[in-house]
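There are 2 protein chains.
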Amino acid sequence: MSGRLYIVGLGPADERWLTLEAREALVEAQDIIGYEPYVARVPLREGQTRLASDNRVELDRAREALTRAQGGRIVAVVSGGDPGVFAMAAAVFEAVDHGPQEWRDLDIRVLPGVSAMQAAAARLGAPLGHDFCAISLSDNLKPWDVIEKRLEHAARGDFVIALYNPASRARPTRIADAFALLRRFLPGETFVGLAKSVGREKEEIILTQLDGVDPAQVDMATLVVIGASGTRRIARRGARDWVYSSRKAL
Amino acid sequence: MSGRLYIVGLGPADERWLTLEAREALVEAQDIIGYEPYVARVPLREGQTRLASDNRVELDRAREALTRAQGGRIVAVVSGGDPGVFAMAAAVFEAVDHGPQEWRDLDIRVLPGVSAMQAAAARLGAPLGHDFCAISLSDNLKPWDVIEKRLEHAARGDFVIALYNPASRARPTRIADAFALLRRFLPGETFVGLAKSVGREKEEIILTQLDGVDPAQVDMATLVVIGASGTRRIARRGARDWVYSSRKAL
Chain P
2 MSGRLYIVGL GPADERWLTL EAREALVEAQ DIIGYEPYVA RVPLREGQTR LASDNRVELD
62 RAREALTRAQ GGRIVAVVSG GDPGVFAMAA AVFEAVDHGP QEWRDLDIRV LPGVSAMQAA
122 AARLGAPLGH DFCAISLSDN LKPWDVIEKR LEHAARGDFV IALYNPASRA RPTRIADAFA
182 LLRRFLPGET FVGLAKSVGR EKEEIILTQL DGVDPAQVDM ATLVVIGASG TRRIARRGAR
242 DWVYSSRKAL
Chain L
2 MSGRLYIVGL GPADERWLTL EAREALVEAQ DIIGYEPYVA RVPLREGQTR LASDNRVELD
62 RAREALTRAQ GGRIVAVVSG GDPGVFAMAA AVFEAVDHGP QEWRDLDIRV LPGVSAMQAA
122 AARLGAPLGH DFCAISLSDN LKPWDVIEKR LEHAARGDFV IALYNPASRA RPTRIADAFA
182 LLRRFLPGET FVGLAKSVGR EKEEIILTQL DGVDPAQVDM ATLVVIGASG TRRIARRGAR
242 DWVYSSRKAL
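So the sequence lines, in the order shown, correspond to chains P and L. Going by this note's numbering, the first sequence opens with residue 2, and the numbers climb by one from there. Going by this note's numbering, the second sequence opens with residue 2, and the numbers climb by one from there.
It should be emphasised that the hints constitute simulated quantities derived from the structure, not laboratory data. Hints should not be assumed to be uniformly reliable.
Counterexamples of contact, computed for chain L against chain P with all Cβ distances above 12 angstroms [stated by the list, open to error]:
no.	residue
1	G4
2	D32
3	P38
4	R51
5	R105
6	S139
7	R157
8	P173
9	T174
10	K203
11	T209
12	G213
13	A217
Below are the DMTMM-like pairs computed for lysine to aspartate or glutamate, each with C-alpha atoms no more than 20 angstroms apart in a straight line [as the list claims (entries may be wrong)]:
no.	chain 1	residue 1	chain 2	residue 2
14	L	K197	L	D220
15	L	K249	P	D140
16	L	K197	L	E16
17	L	K150	L	D140
18	L	K143	L	D178
19	L	K150	P	E153
20	L	K203	L	E190
21	P	K249	L	D98
22	L	K150	L	D178
23	L	K249	P	D98
24	P	K150	L	E149
25	P	K197	P	D242
26	L	K249	P	E149
27	L	K203	L	D220
28	L	K197	L	D215
29	P	K150	P	D140
30	P	K249	L	E149
31	P	K203	P	D15
32	L	K203	L	E16
33	P	K203	P	D220
34	L	K249	P	D146
35	P	K197	P	D215
36	L	K150	P	E149
37	P	K197	P	D61
38	P	K150	P	D178
39	P	K249	L	D146
40	P	K150	L	E153
The beta-carbon is built from N, C-alpha and C at its ideal position, and this holds for glycine as well.
The task is simple: from the sequences and hints, build the whole structure.
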């Protein structure tokens, strides 16, 4: 008798961005599994088991969750943001794809959440209001030349670009490399927004442009938004500008 | 004394995907403004004014909301999905950009929501688990050749592609044109998912591929997902396949 595996999106910060569906799954679950800071965001419930692990062991965590669900447990794997966007859902299905046949019979449900780029966009105005793409700058699992190719096509296609995982201790220069590449295809005055720790106490929003952005301001908790030709800034008195991407193409 | 304007994401279907923040704003608002089917999804509250309008008058609706907020009302403009993704947030800021100076002093807050592509992805597995883009096929406001250019770069950049607004009565052939264009750049066996009316009673999910997809199956309530080279199908017994995009590049 097998259990169930929920893959739950917690949203980018506190419970204000949690959906009703996610909230209910977190109450129903017997086991909560995830990267430590995400597990810590789930309210404690008596009798619930909590397994927090390091960020780099996504596949191990996925296998642990699948094994428990197969054993009859109701398991919730938790992700910040949306588990379907650069997060745990792909890792779980990758584990299923390469795991025992029985895992394909499990009851697995992905519960979407508000992703980091959406929370960042909401703070800026509406920069993702028209055609956009999302690119992870992490080169742990894909070679850097694939990332370069995607950045080039995103720029040449005039997409608004959301950059995930823009910085890491292992490769601190990759965001600088990405900005340098984009400057070959986009005007210097292209909008750049840095949304840091959105929804958290130390939230910081920086509005700048491609020829002035300081890569040192980008850390692991930063979501970077690069504007397209239709992205506009609305100047305001005594308040941060609003930014939106026009629904009209130039 | 000015009021406040919330731009609220309702998520793709019923209240299961509503965030806590959105729920609270809908209770606080004095006026609910939006496209008729979205307004109808907001629970009735005594004393609350409801203004439902047609889908094609987004800027008029934005101006009405801004005028009311400036007059001191607490207003909620409601959108399906995420208001920041092909929805009302960009329309509101566009209205501000071209409106009276006073609108720039208003208290405008965008409340993000689960977007259609995220709900569709959750049903399929994790097809947006790696680099992806979102393109609206509506050519009401942008010329078709811009859309063609974006589709080409999305395909050549090996992005997973989410297509919004794939069909309309005014231009029923544009999804067929888009598939034909993509076939010039992508293999025939490229994954195509059609997610129809996700979260609603008549929900239907179709898994197919680029050389077999039937454009007639795509309607206005369909979110189309085109896979990338890393997108995989997991075959299952007696159940729909799961689809995910590998975090590794090929």
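ask   = Of the hints given before, which are not true for this structure?
value = 5, 6, 7, 20 and 37
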